[in-house]
Amino acid sequence: MQAGRNHLATIVFASLILAFSGGPVLLSLIGSLVPDRILLDSSKSLFAEGLNFEGYRYVFTGELPASYLAENANRAMISDAARQVPYSLVNSGIIALSSMILNLLLGAPAAFVFARYVFPGKKVSFLFLILSPLVPAIALITPIYIMLQSFGLVGTRTGIILVHTAKALPFTVLILSVFFRKMPAELFEAAVLDHCSRFQTFVRIALPLALPSIGATGLFAFMLSYSEFMFSMILSGDADTRPVSVVMAALARNTDVSWSLLNTAIFIAIVPTLVLVVLVWRFVVEGLLSGAVKG
Amino acid sequence: MASVELQKVGKSFGKVEAVRDVSLVIQDREFVVFVGPSGCGKSTLLRMIAGLEEISTGEVLIGGQPMSRVAAADRGIAMVFQSYALYPHMTVRENMGFALKMLGTPKAEVDRKVLEAVSILQLEDLLDRRPKELSGGQRQRVAIGRAIVRAPGVFLFDEPLSNLDAGLRAQMRVEIARLHKQLETTMIYVTHDQVEAMTLADRIVILNKGRIEQQGPPLELYEEPANQFVAGFLGQPRMNFISCVARRSAAGTELVLPNDETLLLTMRDEPALPLAAPVTLGIRPDSIGVVEEAAGNTVPARIVVVEQLGNSSLLYARINDNPDLVTIEQPGKSVLKADHTIHLRLDPGRAHLFDKNGDRIRA
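As they're listed, the protein sequences go chains A and B.
Going by my numbering, the first residue of the first sequence is number 849, and it counts up by one from there.
Going by my numbering, the first residue of the second sequence is number 53, and it counts up by one from there.
Since the hints were made in silico from the structure, they are not lab data.
If you're wondering where the values come from, they're calculated on a predicted model, not measured in any experiment.
It cannot be assumed that every hint is accurate.
[What the hints assert, rightly or not] Subject to a maximum C-alpha distance of 25 Å in a straight line, what follows is the list of computed DSS-like cross-link-like pairs (lysine-lysine):
id, chain 1, residue 1, chain 2, residue 2
1, B, LYS184, B, LYS165
2, B, LYS165, B, LYS233
3, B, LYS261, B, LYS67
4, A, LYS970, B, LYS67
5, A, LYS1030, A, LYS971
6, B, LYS153, B, LYS184
7, B, LYS67, A, LYS971
8, B, LYS184, A, LYS1030
[Claimed, not checked] Pulled a few chain A residues facing chain B out of the computed Cβ check, cut under 10 Å:
id, residue
9, ASP1042
10, CYS1044
11, ARG1052
12, PRO1056
Note that beta-carbon positions come from the ideal geometry of N, C-alpha and C, so glycine has one too.
Same shape as in the complex, but just chain A (with noise of 0.2 Å):
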């Protein structure tokens, strides 16, 4: 009886956590199937007419759908944002990207540091770190945009990629760091004894072994860049360096908006990252599952 109602409890349970999780997807998915017309129109079943891939077909082409073509059509609804979407995820890949190896690249080596070895200062310097992100981003962003605007970096990906790896650089030490102390400390001794300099020791040992944790927070630095909004707009200049978050806040602003086109774009900016995150996160988990599991 008990396990019957934990059973019915799951299911509940599971089908809210999918509802909202996954309803949103599925709303874009089919409201951008779905013409305006049929959409903004409650006499009308949803399929009345079939699929239609007008929206897809504007984003990528430009070809304007055939019902906003005819005489008293409002064509303002059809925001040229839209148009910018496929460029923009070019732009927010490059930037994400950027931003993750960089983070990497930066991060890793000093979780490392930070984990396994003894300076002076080092406490001092964990602790700042670890407050750095409780600043409040908003506070930040005129002396940023200032000194980015000396070195000529507003208005580039170059700027965002910088402003957008140091704030996740903070989380990315902290877990790595983590991870790093994790391991055995017998086995970086025995590196030492195996002639392995600190870098070496770093490179053949600690970076093999750390792996799944550092794709699990490069995925983590990837995100958190590819979601920002705030320092993209106002470090992007034109549509060439604008990334997908700033394109898509434009395209919502307008109260007048083509919904399916609006449904199309959304759902064109998810898709790439769900991709990534669900091939990333198999590799992440497989990962950390087997280090957990001591042989």
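Fit chain B to the supplied structure of chain A, relying on the hints for placement.
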């Protein structure tokens, strides 16, 4: 090949002194075992020889050379860790050849040396496996193989068998003894297991609270313990310690219980023994005989617990109301049961006497 010499070596962690003023000479090709209870400083001492731990005072010499400015990797030592410390992402072959590879040894030579070590340890079939795919005993063999490949002057073992189950431990013990014969290298071995110490060592060094209590060949320490700590540490089951008082009589020196003057044993005159002062009688469980009938040289006792071990039995008995139980080891199966009254015959020839500081009183 190398000798190891410790000159007044000390180590403190903050205010805690882990090792104090240890001086010791280990001859070339000698097998020395550091043994002691946990926290006695034996592992710290080993790690100081290895160079993994800085030395606070004193000097370590290996092969006659002072080591204070020599890096751990260049000391000509190899260490086998308790947790094996094999690199999980490398195969057995890579693990064993790693040190040579880091030194820039040509690949062909690394391979040759690895194969040599592998044949000594019979690991041929496991060369391309990773540590995860090996059993505990195999991992330990690989860890030893990794040490052999480096052809060190001194092998250091830090409790290498304590992660293995009892059967494997006995097997690996024999293996390590065989290796010592075959390799003819100095070996320093840390353990808290006195059986390993007794069976492997040319010389045992017993440590307690960071100091050497006694050192010498295993049987010498067993039969002639310098103090109560050594006597109690070596030997299983543990030696019995009974507080008593000595008095002189016509028959010789008598030892009696302090509260009710029960006569424990009579020995030939012991001039070094202080009369009327409290002393501790130490007697091993196999030096106590059990007889059915009381006699002049027996002590009555009541059995509290009987433990049957198959090939021997342990009786725990109480003499009068003495709070400490006396352990008696009998060969074979015992027919005696709890609450039986028995009579103990303590062998005066195998009794040890300790003064109130725990030092042995010598004849």
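Status of each hint after checking the structure:
1. B:LYS184 x B:LYS165: holds (23 Å)
2. B:LYS165 x B:LYS233: The given pair, whose Cα atoms are some 19 Å apart, holds under the 25 Å limit.
3. B:LYS261 x B:LYS67: holds (14 Å)
4. A:LYS970 x B:LYS67: holds (22 Å)
5. A:LYS1030 x A:LYS971: holds (18 Å)
6. B:LYS153 x B:LYS184: OK: B:LYS153 and B:LYS184 at ~22 Å, within 25 Å.
7. B:LYS67 x A:LYS971: holds (22 Å)
8. B:LYS184 x A:LYS1030: With a Cα-Cα distance of about 18 Å, the restraint between B:LYS184 and A:LYS1030 holds, given a limit of 25 Å.
9. ASP1042: holds (4 Å)
10. CYS1044: Interface hint status for A:CYS1044: holds (6 Å vs cutoff 10 Å).
11. ARG1052: holds (8 Å)
12. PRO1056: holds (4 Å)
When held up to the earlier numbered hints, the structure conflicts with none and fits them all.
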